[in-house]
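S.K.: Those protein sequences? They're chains V and Y, same order as listed.
Sequence positions in the first sequence follow the numbering used here and run 1072 to 1195.
Sequence positions in the second sequence follow the numbering used here and run 14 to 233.
Keep in mind that the hints were calculated from the coordinates and are not lab data.
Glycine residues also receive a C-beta, built at the ideal position from the N, C-alpha and C atoms.
Treat each hint with caution, since some may be false.
Here chain Y is said to cover these stretches of chain V; the calculated rule only asks that three of the stretch's residues, wherever they fall, bring their Cβ under 8 Å from a Cβ of chain Y [claimed, not checked]: (1) 1107-1120; (2) 1124-1133; (3) 1179-1192.
Now for the letters of each chain:
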Amino acid sequence: MTVLLVVVGAIVGAPMRYLTDRAVQARHDSVFPWGTLAVNVAGSFILGLLVAGAATHGVSPHVVALVGTGFCGALTTYSTFSYETVRLAQEGARFYAVANVVASVVAGLGAAFFGAAVAQAIWG
Amino acid sequence: MDAMPGRQTRARQSPDDRNLDGRTVDHRKLDQRMLDHRMLDHRALIPGGLDHRLPTDSDVDLHVERQRSELLRAPWAVLTAIAVGGALGSLARYGLAVAFPPPPAGLPWATFAVNVSGGLLIGILMVLVTDVFDAHPLVRPLLGVGVLGGFTTFSTYVVDIQRIVNAGAAGTALAYLLGTLVAALAAVYLGIAVTRRALRGRLSEEPDVDSLRVVEEVRS
Chain V
1072 MTVLLVVVGA IVGAPMRYLT DRAVQARHDS VFPWGTLAVN VAGSFILGLL VAGAATHGVS
1132 PHVVALVGTG FCGALTTYST FSYETVRLAQ EGARFYAVAN VVASVVAGLG AAFFGAAVAQ
1192 AIWG
Chain Y
14 MDAMPGRQTR ARQSPDDRNL DGRTVDHRKL DQRMLDHRML DHRALIPGGL DHRLPTDSDV
74 DLHVERQRSE LLRAPWAVLT AIAVGGALGS LARYGLAVAF PPPPAGLPWA TFAVNVSGGL
134 LIGILMVLVT DVFDAHPLVR PLLGVGVLGG FTTFSTYVVD IQRIVNAGAA GTALAYLLGT
194 LVAALAAVYL GIAVTRRALR GRLSEEPDVD SLRVVEEVRS
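Same shape as in the complex, but just chain V:
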């Protein structure tokens, strides 16, 4: 059952990352990988919300498997994030490479803590 929920979440999450990345690039032509940053921060917020919600029994484990492990896991990516960072550095865009790392980690962590705070407000 849990396995099925993870699969269903991932089937939605992975194409959503691709489509979001396309949409962001189409509207915002930049070397900086805004699309990947956007999905990673959004996914971190949702997972932070769900995990904190599950800790207070406000969110069921099924929802965590479907939306957290499946959807957020497939929506967010470490492979693309690290690949982009290395490529930016290799192309001489070192500032963008460092900015990508700092922005992703800081915004991702901020989003997760914000998600947890929202969960606390709803279910705490």
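Add chain Y to chain V, keeping to what the hints say.
M.R.: Same frame as chain V, now just chain Y:
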């Protein structure tokens, strides 16, 4: 940006059209490459290396013409490949997380291993699909966007750091944060470098099939 007058006529070959690697220089490809990397620095324009041909974003890079048009050409095939790959990658990640659950304030080694190995594999994959062979258009969506994107995770990385911080082990959290970062970046770099090195010999010996095909197209 597609329209570039005179680009076709520049696709020609002569003994001069060889770079230091002995590879045939394809002017049409070179022009496209310059367009693709117009936002990046001047080093991207120097022929002779392989790495500048890699796109910047492994999921999708709209500066690369073929990737820009792939969703219009075969929307369902591309999205299905990504969904199937994403499901497979996520299953593998879930299986490892269940097999090796992290202790309450301890390091999530499964997620660490997933994110670092995913970095190594995306480096290898992107060199293979970009430089080596005429990869099927669904290989990158299936394996890169789908499997590796679904396998690796940024959200769990971040929420695990949060969990360790909340457990009062800020030092461990920082070590995990930096450790994953350094290891994954090194893995991508290694994946790209090792694959390029392994292929360099092969590429300089064999004719560039892609360039030959372009020349054929222009002639016919």
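S.K.: Against which earlier hints does the structure fall short, listed by number upward?
M.R.: Hint 2 is the one this structure does not satisfy, whereas the remaining hints hold.
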